[in-house]
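Asker: Whatever position you read off the sequence shown (first residue = 1), add 157 for our numbering.
Possibly wrong hints are sitting among the right ones.
Claimed, not checked - Pairs of lysine to aspartate or glutamate, DMTMM-like flavour, derived with a Cα cap of 20 angstroms:
| # | residue 1 | residue 2 |
| --- | --- | --- |
| 1 | 185 | 240 |
| 2 | 358 | 311 |
| 3 | 377 | 348 |
| 4 | 284 | 189 |
| 5 | 159 | 240 |
| 6 | 465 | 510 |
| 7 | 554 | 510 |
| 8 | 185 | 511 |
| 9 | 531 | 474 |
| 10 | 171 | 208 |
| 11 | 554 | 178 |
| 12 | 531 | 510 |
| 13 | 377 | 353 |
| 14 | 531 | 374 |
| 15 | 531 | 511 |
It should be emphasised that the hints constitute simulated quantities derived from the structure, not laboratory data.
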Amino acid sequence: MKILVINAGSSSLKYQLFDMETGAVLAKGLCEKIGLTGAITHKRPGKENYEIDYPMPTHNEAIALVLKLLTDPELGVIASVDEISAVGHRFAHGGKLTKSCVLGEEEIKYIESIIPINPLHGPPALKGVAACKAIMSNIPHVGVFDTSFYSGFDKKSYIYPLPYEWYENYGVRRYGFHGTSHRFVSAKACEFLGLDYNKTKIVSCHIGSGSSITAVDCGKAVDTSMGFTPQEGLPMGTRCGTIDPSIVSYVCEQSGMSVSEVNDSLNKKSGLLGVSGVSNDARYVWAAADEGNERAQLAMDLLVHNAKKIIGSYVAEMNGIDVLIFTAGLGENDSRSRQLIGDNMEYLGIKMDENANMNGPRGENIVISAPDSKVKVVVIPTDEEYMIASDTYDIVK
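Working from the sequences, and respecting the hints, build out all of it.
Answerer: Right, dumping it as structure tokens:
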């Protein structure tokens with residue numbers, strides 16, 4: 158069975174085609190600048206990448222181009238679109254949809270209804286579904302939701318200490334995000350280390366342009382740093398993370414900015430970019446710090462400091478930790494940040510192996526803790542697309 162995975166953004170569309178009998182990725186790629194000039198990069202294992210500028214006014218043209226390339230006699234990997242058995246779609250927010258499901262009319266209407274609490278990610282994901290259904294209406298389309306990994310939270314883990322009617326009337330609660338990634342790496346880490354997933358206490362650090370940390374206790378997510386939106390928790394590339402909520406009204410009063418303008422600054426002008434004034438990319442922020450830029454150093458210090466606090470709180474919450482995971486852009490590639498986060502936590506049983514961390518291979522599962530560390534510290538490359546394909550396969554097979 159072949160499963161196509163679609164991850165649609167506002168002006169982009171990522172895709173991967175899986176052969177679920179072997180687990181192999183047959184092809185993958187990225188459509189960019191949708192609605193503008195349009196461009197696509199199409200990749201197949203063992204062959205040269207194919208790149209071309211191509212007009213894509215909407216997601217419909219992007220999907221049509223993807224299917225054309227997948228079936229092209231020279232560039233393709235399948236003879237016909239009929240070989241695709243189902244399409245899996247990534248959704249950041251599922252609201253009350255607590256597990257992956259076939260996207261029927263009722264499910265689509267519900268996802269549309271929660272756009273007010275998911276304004277950035279909801280609309281483009283729905284456009285991706287609509288574009289795929291327009292061309293592939295005869296096969297199942299499955300939604301996989303980042304929030305579903307947290308559906309088993311105890312109420313004390315997702316209720317905010319706010320007027321309770323805000324939860325009842327407006328759905329204000331902790332939802333959590335990056336769940337598909339945390340679900341994948343936490344299970345993969347146990348497989349890699351030979352541990353029983355259902356008997357292991359894990360803290361998973363998904364650190365990238367968007368960052369979150371999740372506690373997984375014996376196979377169940379019990380807490381996570383992101384909340385009602387992907388804004389809460391760690392300082393990120395351009396997002397502030399957790400702040401005192403009164404800052405919003407104070408800045409509005411002092412500056413004359415609207416709530417919308419302040420919220421835009423919290424999402425797009427804060428985090429590493431806001432503090433450093435250099436970039437939202439940690440590579441450039443580290444480079445500036447090494448040249449003596451104090452604000453750049455402060456930005457990275459804030460990331461490390463807050464990560465340590467969250468990890469420590471989750472160890473307390475679970476009454477222990479067996480495995481600490483790093484994944485995503487920074488987590489997989491920024492050995493310096495990993496070292497600083499893991500250092501000076503021997504009291505919690507975490508002891509880093511600096512040589513393994515700094516010089517270990519990239520793109521592989523590796524252990525970066527010292528041999529005598531009570532806690533295994535590992536780098537696990539995430540694969541959200543495979544999880545989406547796997548859920549889709551399980552539902553439609």
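Asker: Confirm or reject each hint.
Answerer: Results for each hint:
1. 185 <-> 240: Roughly 16 angstroms between the alpha carbons, so the hint for residue 185 and residue 240 holds.
2. 358 <-> 311: holds (17 angstroms)
3. 377 <-> 348: The hint holds at about 16 angstroms.
4. 284 <-> 189: OK: residue 284 and residue 189 at ~15 angstroms, within 20 angstroms.
5. 159 <-> 240: holds (7 angstroms)
6. 465 <-> 510: Holds: residue 465 and residue 510 sit about 17 angstroms apart, inside 20 angstroms.
7. 554 <-> 510: violated (44 angstroms)
8. 185 <-> 511: violated (35 angstroms)
9. 531 <-> 474: This hinted pair holds, its Cα atoms lying about 18 angstroms apart.
10. 171 <-> 208: Given that 20 angstroms is the threshold and the Cα spacing comes to 14 angstroms, the pair holds.
11. 554 <-> 178: holds (11 angstroms)
12. 531 <-> 510: The given pair, whose Cα atoms are some 12 angstroms apart, holds under the 20 angstroms limit.
13. 377 <-> 353: holds (13 angstroms)
14. 531 <-> 374: holds (17 angstroms)
15. 531 <-> 511: OK: residue 531 and residue 511 at ~16 angstroms, within 20 angstroms.
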